[in-house]
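Could you build all of it, start to finish, from the sequences and the hints given here?
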Amino acid sequence: MNTYKSLLYLIIEAGLFALYVPLKLLRTGPRIETGLISWLAIPLWLIGSLVILACFGSFSFTGRGTPVPTDPPKALVITGPYHYVRNPIYVGVLLIFLGHFLWFGYWTLLIYALSAFIGVHFFVVLYEEPTLKRKFGVEYEEYLKRVPRWIPRFKEKSTWSIR
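Under the numbering used here, residues 39 to 201 are what the sequence shown spells out, in order.
If you are wondering where the hints come from, they were derived from the structure by calculation, not from laboratory data. Please note: incorrect hints may appear among the correct ones.
[What the hints assert, rightly or not] Derived DEER-like restraints, expressed as beta-carbon distance ranges:
#	residue 1	residue 2	range
1	Ile80	Arg172	35 to 45 angstroms
2	Val59	Leu84	32 to 42 angstroms
3	Arg172	Leu74	44 to 54 angstroms
4	Leu61	Ala113	30 to 40 angstroms
5	Gly95	Phe174	18 to 28 angstroms
[Claimed, not checked] Below, computed lysine-lysine pairings styled on DSSO-like, alpha-carbon distance capped at 27 angstroms:
#	residue 1	residue 2
6	Lys171	Lys183
7	Lys193	Lys43
8	Lys193	Lys183
9	Lys43	Lys112
10	Lys173	Lys112
11	Lys62	Lys112
12	Lys171	Lys112
13	Lys173	Lys183
14	Lys171	Lys193
15	Lys171	Lys43
For clarity, every value in this text was computed on a predicted model and none was experimentally measured. Beta carbons: idealized from backbone N, C-alpha and C, even for Gly.
Here you go:
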């Protein structure tokens, strides 16, 4: 059931904020020619989409919940994309938004992406992280120390040293 709720949320949330709103912003405001750089949009769209889908799967199967705020995971999810960055869904969405800007070249899409990121950052810092600290306690505190909020670290910190 979690999978179905997650898919419905994905369709509604992503449909609204990642497709409908950006498409409404198309053909508004100044535009730049992005030339060959525009082709970078395709890997950004693919990577962003795959990250989001992997996160939804982790929420459903590992966390036994959904990304829907009213039905959050019951267990702390720290595997999959969450092993590298604390907020991979938001990072995936930002990659998709940046892809929109590169492909279509409208400044309003870049402003939308940056505004969304700023709003999400404040949401994460002021609401999401304090809520997760209360819910998961020490386990989440340790996770905060190990995993960066936005920019992934792909090298594991070594736990041993040569003496």
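Cross-check of the supplied hints:
For Ile80 paired with Arg172, a C-beta distance near 41 angstroms keeps the hint of 35 to 45 angstroms intact. Between Val59 and Leu84 the Cβ separation comes to about 21 angstroms, which falls outside the hinted range of 32 to 42 angstroms. Distance hint check for Arg172 and Leu74: the Cβ-Cβ separation is about 48 angstroms, which falls inside the suggested range of 44 to 54 angstroms. Taken as a hint, the range 30 to 40 angstroms holds for the pair Leu61 and Ala113, whose Cβ atoms sit roughly 36 angstroms apart.
Checked against the given bound of 18 to 28 angstroms, the beta carbons of Gly95 and Phe174, roughly 20 angstroms apart, stay inside it. Taken as a hint, the Lys171 and Lys183 pair is honoured in the structure, with Cα atoms around 12 angstroms apart against an allowance of 27 angstroms. Between Lys193 and Lys43 the CA atoms are separated by roughly 34 angstroms; this puts the pair beyond 27 angstroms, and the hint is violated. About 15 angstroms separates the Cα atoms of Lys193 and Lys183, which keeps this hinted pair within 27 angstroms; it holds.
The suggested pairing of Lys43 with Lys112 holds, with an alpha-carbon distance near 15 angstroms, which does not exceed 27 angstroms. For the suggested pair Lys173 and Lys112, the alpha carbons sit about 9 angstroms apart, so the restraint of at most 27 angstroms is met. Of the pairs offered as hints, the one joining Lys62 and Lys112 is violated, with about 36 angstroms between alpha carbons and a cut-off of 27 angstroms exceeded. A distance of roughly 14 angstroms separates the Cα atoms of Lys171 and Lys112; the hinted pair therefore holds under the 27 angstroms criterion.
Annotation: proposed proximity of Lys173 to Lys183 holds, straight-line Cα distance about 17 angstroms (limit 27 angstroms). About 26 angstroms separates the Cα atoms of Lys171 and Lys193, which keeps this hinted pair within 27 angstroms; it holds. The straight-line distance between the Cα atoms of Lys171 and Lys43 is roughly 25 angstroms, inside the 27 angstroms bound, and the hint therefore holds.
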